[in-house]
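Chains L and B, in that order, give the protein sequences.
With our numbering as the guide, the letters of the first sequence map in order to residues 79 to 439.
With our numbering as the guide, the letters of the second sequence map in order to residues 3 to 273.
These are computed hints drawn from the structure, not numbers from a lab.
Be careful, since some hints might not be right.
To spell it out: a stretch of chain B is covered by chain L in this simulated footprint if at least three of its residues, at any positions, have a beta carbon under 8 Å from a beta carbon of chain L; those stretches are [what the hints assert, rightly or not]:
no. : stretch
1   : 141 to 154
2   : 212 to 223
Only some residues are given here: those of chain L computed to face chain B with a beta carbon under 7 Å [unchecked claim]:
no. : residue
3   : N153
4   : A165
5   : E316
All C-beta atoms in this analysis are idealised placements derived from N, C-alpha and C, irrespective of residue type, glycine included.
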Amino acid sequence: MANPIIEFKNISKKYDDNPVLKKIDFEIESGKFYTLLGPSGSGKTTILRMIAGFEDPTSGEIEFEGHRIDLTPANQRPINTIFQDYALFPHLNVSQNIAFGLELKKMNKADIKAKVAESLRMVQLSGYENREITALSGGQKQRIAIARAIANEPKVLLLDEPLSALDHKLRKEMQVELRALQQRLGITFIFVTHDQEEALALSDQIFVMNDGRILQSGTPVDIYDEPINHFVADFIGESNIIPGTMTADYLVHFDHKDFECVDAGMRADEPVEIVIRPEDLDITDLDHGKLQVTVDSQLFRGVDYQITGHDSDNHEWTINSIHQTTVGANVGLIFDPEDIHIMRFGEDEETFDARLDSYEE
Amino acid sequence: MGTQKKSFFVIPYLLWIALFVVAPMALIVYQSLFDITGHFTLGNYTDYLESATYLKMTFNSVWYAFLITMVTLVISYPTAYLLNQLKNKRLWLLLIILPTWINLLLKTYAFIGLFSQNGSVNDFLRFVGAGSHQILFTDFSFIFVASYIEIPFMILPIFNALDEINPSLVNASRDLGANTWQTFRRVIAPLTMPGVKSGFQAVFIPSLSLFMITRLIGGNRVITLGTAIEEHFLVTQNWGMGSTIGVILIIAMFVVMFLTRERKGKGGQSR
Chain L
79 MANPIIEFKN ISKKYDDNPV LKKIDFEIES GKFYTLLGPS GSGKTTILRM
129 IAGFEDPTSG EIEFEGHRID LTPANQRPIN TIFQDYALFP HLNVSQNIAF
179 GLELKKMNKA DIKAKVAESL RMVQLSGYEN REITALSGGQ KQRIAIARAI
229 ANEPKVLLLD EPLSALDHKL RKEMQVELRA LQQRLGITFI FVTHDQEEAL
279 ALSDQIFVMN DGRILQSGTP VDIYDEPINH FVADFIGESN IIPGTMTADY
329 LVHFDHKDFE CVDAGMRADE PVEIVIRPED LDITDLDHGK LQVTVDSQLF
379 RGVDYQITGH DSDNHEWTIN SIHQTTVGAN VGLIFDPEDI HIMRFGEDEE
429 TFDARLDSYE E
Chain B
3 MGTQKKSFFV IPYLLWIALF VVAPMALIVY QSLFDITGHF TLGNYTDYLE
53 SATYLKMTFN SVWYAFLITM VTLVISYPTA YLLNQLKNKR LWLLLIILPT
103 WINLLLKTYA FIGLFSQNGS VNDFLRFVGA GSHQILFTDF SFIFVASYIE
153 IPFMILPIFN ALDEINPSLV NASRDLGANT WQTFRRVIAP LTMPGVKSGF
203 QAVFIPSLSL FMITRLIGGN RVITLGTAIE EHFLVTQNWG MGSTIGVILI
253 IAMFVVMFLT RERKGKGGQS R
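Please work from the sequences and hints to get the whole structure.
Given below as structure tokens:
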């Protein structure tokens, strides 16, 4: 593995005895797109502000390229931030905003001009040099904020929920652009969001956070397919979470039946939670189904129908299907053994990874 | 009916403007065109422009108003900046505003008590062995008291301008590599300029026509246009000349307002 560009070592943060980060450890590799994902108050923005230098950890150390950085003031870190409200200077025009950091570096005028033009080209706003900030739309402000940050050629770019103020369509466009920009520039991006869809679409690596802790880290596919616990499964995507017990390796018991699965490494008869994603469930006739449910409601969502139903144990099931069904009908559900994901109670990320490694070869 | 209702609400405003702004100004201009015997003339204006005394008085007024404004600015900006960092900033601000609720004359008389030969300041100076000094009726005491009275009017607009600055702009400046001083010079100072300008207006313009403090604290050693107007109306009864000086003062006020107006369009100056 390459040397990490940023490393958090046992970082804690308290505001007046109120802990917001609880012994955080992680490493960031150079050139990747990272996302800190979590609900508000989970501590994700605090982590970002610590990397930027706007907050100090209460205890622990932050390293940047192997050197301690948490005592370095923000203006001396080779890191730039894109703020949630863009934070463009209203008394300066577009080119003056972008040139702000370059002038401080005592770059000569001709180079600044070229750099401003290049940055504007990157965000597809060439020719906007003399516009006033107040004359820009939300999406344009967003792009200027990006141009201002990348003009400084930071080694790491921090993005604090930068798309949250944009409307849905513009947000989707900006997601594609951000991803393309990151791949073109090769700068490490650290992105903070509470939008799980955004996180899945953009990231190389996701850190799922809650209550001042990192619950799980991994690629979007890992986190979606193998959530570590109830919170992660529920927060990322839609899911059916049902209590069950582990009968044996590769055999789980719920709804009065044993089902084949692909998880192992647990004690016999250990209580667990099982996760099945709504899109992995298919509706069939009553007799062919592995499970039998009664349909309670059906919502047409454009791409598919969201169907909810309940089984004989009164567990609720959500099914996403492109086929229509009838409310009140008794139907069967089928799924494959690999669609079942088993979660143990209170398992931490280390043991979870070790257990998965022990049987996934 | 809608327009009728609207015109009804406009009445108090129009009355106010007509009775207390337009009419007095018209009267002053009218009065300034008559000499002491009641004959129509432009003589008051030529007298004013040819008289070294009046021109010196005008210069004095502008100069002292400028000094008072600068003293208040130098004290108020750092104070407003500091207040804005505090936890209960609104409360601390209120404590500074509080003295403005007390009558001006009372505050001025209080300073006579403090600064006179047997006042508290001289008592203290004698106590520490520095001897007694003439404090009252000096330029120093005049500027000191005038500044004391004007300071809240300078602090308030600057405080509000600072308060309105989005904290993430300061973070953005630091993030882009600016140290504390550079952040102040490139972000905070330009963004608080409108506040400084309104403070300048609020202090400079009233200071031009100060007359009570010049008399009670300055001991008439400093003669400003305000003092001259008072003299002409109450002592020499030359209303025409008094009005002429009034017109000059009004013009001076408009000039100051024009110079400190908010400029639209090109935001920010290129460096």
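message = Under the constraints set out in the numbered hints, which ones does this structure not fulfil?
response = Going through the list in order, the structure violates hints 1, 2 and 5 and respects the others.
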